[in-house]
Amino acid sequence: MNITRSHGAMVIGSVQARPAGGARVVVDNFASAVDFTRRMPLLAMKRVAVLASGSGSNLQALIDTTRDSSQCMCAEITLVISNKKDAFALKRAEKAGIPTLVYSHKDYATREEFDSAISSALEAHKIDVVCLAGYMRILSAEFVRKWKGRLINIHPSLLPRHPGLHAQRQCLAAGDRESGCTVHFVDEGMDTGPIITQERVPVLNDDTEESLSERILQAEHRAYPRALRNVATGRVRLNSLGNIMWHS
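So the sequence shown is numbered by this note's numbering: it starts at 25 and just counts up by one.
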């Protein structure tokens, strides 16, 4: 068990005078519990950046969960970057008081130059973990290598099935009876990185691409925060060979 270090104290109760003749309240094992929590390791809060190109519903799920102290996320969203100035994800971030940056890929001669500018911004904001949430850009190999083990993505299929674009359409065309989402570390392949977590959903007989997409999206809103928690707390990481390792 770990305690996450937040920016402020949490009120869990209060001590009040007992009314005359009132019943006593006894908290069993209080002293030993307090001593145990004092000796538990503190985990530094990880600074997370989210890269998004669209509506940012997964961004919203991450914002909401990281700000819920009961979730023990050990992470806070401190930066949102988009390659589209009109992305609704930016409005979500601004409403939450999170700094935003916009970098248009059209302003750069190469993908490498564009990614280098974003990488510099991430470093300037002291980012620990980068989450891709509907980020419609293929990352350069140099960027992926630089952020290896700190870069995660969510995909609307049960990888390795149906990588790439239009995964829901691929699923329906294949006649699958089950679909879902996958959160994975990003490597240099197309949706081929080590898997952190998956969540399954049924494919119904009357499903359209839109109805299946909505069901998967709801699963994504549960899976992405769960995966980020595992990464931020150090429960899962990549070793030097790029293999996934789990720690209890």
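Hints listed in this document are in silico derivations from the structure and should not be mistaken for laboratory results.
Hints should not be assumed to be uniformly reliable.
Below, computed lysine-lysine pairings styled on DSSO-like, alpha-carbon distance capped at 30 Å [as the list claims (entries may be wrong)]:
1) Lys150 x Lys119
2) Lys108 x Lys130
3) Lys170 x Lys130
4) Lys119 x Lys109
5) Lys130 x Lys119
6) Lys172 x Lys115
7) Lys108 x Lys119
8) Lys150 x Lys172
9) Lys130 x Lys115
10) Lys150 x Lys130
11) Lys108 x Lys172
12) Lys150 x Lys108
13) Lys172 x Lys109
14) Lys170 x Lys115
15) Lys115 x Lys150
16) Lys170 x Lys108
17) Lys170 x Lys150
18) Lys109 x Lys130
19) Lys109 x Lys150
20) Lys130 x Lys172
21) Lys109 x Lys170
Hint-by-hint comparison with the structure:
1. Lys150 x Lys119: The given pair, whose Cα atoms are some 22 Å apart, holds under the 30 Å limit.
2. Lys108 x Lys130: Judged against 30 Å, a Cα distance of about 10 Å means the pair holds.
3. Lys170 x Lys130: holds (23 Å)
4. Lys119 x Lys109: holds (16 Å)
5. Lys130 x Lys119: holds (27 Å)
6. Lys172 x Lys115: holds (29 Å)
7. Lys108 x Lys119: holds (17 Å)
8. Lys150 x Lys172: Holds - the C-alpha atoms of Lys172 and Lys150 are around 16 Å apart, at most 30 Å.
9. Lys130 x Lys115: Holds: Lys130 and Lys115 sit about 22 Å apart, inside 30 Å.
10. Lys150 x Lys130: holds (26 Å)
11. Lys108 x Lys172: holds (25 Å)
12. Lys150 x Lys108: Given that 30 Å is the threshold and the Cα spacing comes to 23 Å, the pair holds.
13. Lys172 x Lys109: holds (27 Å)
14. Lys170 x Lys115: Holds - the C-alpha atoms of Lys115 and Lys170 are around 29 Å apart, at most 30 Å.
15. Lys115 x Lys150: holds (22 Å)
16. Lys170 x Lys108: holds (23 Å)
17. Lys170 x Lys150: holds (14 Å)
18. Lys109 x Lys130: Judged against 30 Å, a Cα distance of about 12 Å means the pair holds.
19. Lys109 x Lys150: holds (23 Å)
20. Lys130 x Lys172: holds (26 Å)
21. Lys109 x Lys170: holds (26 Å)
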